[in-house]
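Protein sequence lines correspond, in order, to chains A and B. Under the working numbering, the first sequence has 19 at position 19, and the numbering climbs by one with no breaks. Under the working numbering, the second sequence has 321 at position 74, and the numbering climbs by one with no breaks.
Keep in mind that the hints were calculated from the coordinates and are not lab data. Please read all numbers here as calculations on a predicted model, not as lab measurements. Among the hints, erroneous ones may be present.
Stated by the list, open to error - No more than 35 Å apart at the CA atoms, straight line, and that leaves these computed lysine-lysine pairs for DSBU-like: (1) B:LYS427 to A:LYS181; (2) A:LYS76 to B:LYS467; (3) A:LYS207 to A:LYS55; (4) A:LYS126 to B:LYS467; (5) A:LYS76 to A:LYS47; (6) A:LYS55 to A:LYS152; (7) B:LYS267 to B:LYS293; (8) B:LYS301 to B:LYS267; (9) A:LYS81 to A:LYS106; (10) A:LYS55 to B:LYS467; (11) A:LYS174 to B:LYS301; (12) A:LYS152 to B:LYS467; (13) B:LYS398 to A:LYS76.
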Amino acid sequence: MASNQEEQQNQAGRHQEVGHKSLLQSDALYQYILETSVYPREPEAMKELREVTAKHPWNIMTTSADEGQFLNMLLKLINAKNTMEIGVYTGYSLLATALALPRDGKILAMDINRDNYELGLPVIQKAGVAHKIDFREGPALPVLDQMIEEGKYHGSFDFIFVDADKDNYLNYHKRLIELVKVGGVIGYDNTLWNGSVVAPPDAPLRKYVRYYRDFVLELNQALAADPRIEICQLPVGDGITICRRIS
Amino acid sequence: MAAKEEQQNQAGRHQEVGHKSLLQSDALYQYILETSVYPREPEAMKELREVTAKHPWNIMTTSADEGQFLNMLLKLINAKNTMEIGVYTGYSLLATALALPDDGKILAMDINRENYELGLPVIQKAGVAHKIDFKEGPALPVLDKMIEDGKYHGSFDFIFVDADKDNYLNYHKRLIELVKVGGVIGYDNTLWNGSVVAPADAPLRKYVRYYRDFVLELNKALAADPRIEICQLPVGDGITLCRRIN
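Excised from the complex, chain A in its bound form:
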């Protein structure tokens, strides 16, 4: 199959369908939330990163501003200090996270594409929080497997955010459930998959939306049935499912 870069470009092209249409009853309502409660409070650095990202051809992949605000608040509420992020792109949710953590907070951030991360990195550096980030280029599963093998990482993360390849979420979950601390939170992004989770069988969906939808449906059922976590599926962004580890 095509080289890694080609594969990514294909994916981003396919991502055009899954835009920042919200899951809400109207664009007007979504705009209202953004203009009333999000943009007036958005830190300068996040605005700047949003603008830098908007110029990028794959900008559809970025975390939306309302989601960034939510993540930032959530992290402060749980006093997170040691976090992980799988799927970085240009780093909007990563910056939202870095701004929320204390000065000695740490984020292990993984993405198969370092170029996109480096697009946003100057903004993160200017914001004075880049020192909290340990970026690793490459697929996440091997890194997770190594951490699982090395006992000391078990239960060491306060918060883990997964915004990556949907066909691997359950594979990630199998490892993350050990790595997040009891009482800690895993957040899975895109769990309402642009609303397509309820599209009728004959709805005209692009092939990849339909393909990944099966994984999203399966993920949602698996999380709801997992006794090791309590869940909450929020219609923020494209749907975030918050999982609190209880055992």
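Fit chain B to the given chain A structure using the hints.
Relative to chain A, chain B alone:
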């Protein structure tokens, strides 16, 4: 006008503001409820939801997805001392009581004790009624007394307001002192059934339009308040979380 009559009028008027969600389709909302909410809903909360469904003013109740969210939020912030303004039959109160530790405390206020007593048996059966201190009557006098009595300042971990929208800013003026720094105030119905963006000529019932002005004003005021950080979530009818920062 008698308080009871006023309430019945309000509830009648509340028929419009149902549990239509703020989402793009009922189907999507049902999906969330059936996939992620109902399978996890504690037995007591199901029971309270069913008891409430038989009540003529049941439109006023907290929705199940909102109850689940509140319950999780309270656990995430390790809340122990909370307040609730606006109880009705107690669905969000029960969601709260189930989330707090055994020595957790909730000061719960509502102008109508009867509705609270409709749900109370379920809350008692769930073994968490001992955490609740219910006060019947308007909240403002109670809050004013607490403000005067210095020891309550910064004493609450979480405060949930689901009551008369024309008083939210009056509540806020007091609650911002009573919640601890780092604590959370949650204001319910801040998207007011989506009417916050209804065009000027949209056919809104008089009371929806009337309270809408207060909701719009509240949202602007919260966004501009430097003592809090905010997050306006499209859960239920819109909940705005306010984290006190100074």
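Hinted pair A:LYS76 and B:LYS467, Cα distance within 35 Å
holds, 23 Å
- Query: Given the proposed pairing of A:LYS55 with B:LYS467, does the C-alpha separation stay at or below 35 Å?
  - Reply: Roughly 31 Å between the alpha carbons, so the hint for A:LYS55 and B:LYS467 holds.
- Task: For the pair we were handed, B:LYS398 and A:LYS76, check the Cα-Cα distance against 35 Å.
- Result: Holds: B:LYS398 and A:LYS76 sit about 26 Å apart, inside 35 Å.
Does A:LYS47 lie within 35 Å of A:LYS76 when you go C-alpha to C-alpha? Holds, because 20 Å separates the two Cα atoms, which is no more than 35 Å.
| Within 35 Å, alpha carbon to alpha carbon, are A:LYS81 and A:LYS106? | The hint holds at about 6 Å.
Keeping to a limit of 35 Å between CA atoms, is the pair of B:LYS301 and B:LYS267 held or broken? Measuring from Cα to Cα gives roughly 18 Å; hence the hint holds.
Quiz item: Is the straight-line distance between the alpha-carbon of B:LYS427 and that of A:LYS181 35 Å or less?
Solution: holds, 26 Å
ask   = Within a Cα-Cα threshold of 35 Å, do A:LYS55 and A:LYS152 meet the stated pairing?
value = It is violated: about 41 Å lies between the C-alpha atoms, which goes past 35 Å.
Margin query: What's the verdict on A:LYS174 and B:LYS301, does the C-alpha distance respect the 35 Å limit or exceed it?
Written below: Violated. A:LYS174 to B:LYS301 sits at ~43 Å, over the 35 Å cutoff.
Is it true that the CA of A:LYS152 sits at most 35 Å from the CA of B:LYS467? Outside the cut-off at roughly 47 Å; violated.
Take a quick look at whether A:LYS207 and A:LYS55 sit within 35 Å of each other, Cα to Cα.
holds, 27 Å
Do the alpha carbons of A:LYS126 and B:LYS467 lie within 35 Å of each other, as the hint requires?
-> Distance ~30 Å between A:LYS126 and B:LYS467 Cα, so the pair holds.
Consistency with the previously given hints fails for numbers 6, 11 and 12, ordered from lowest to highest.
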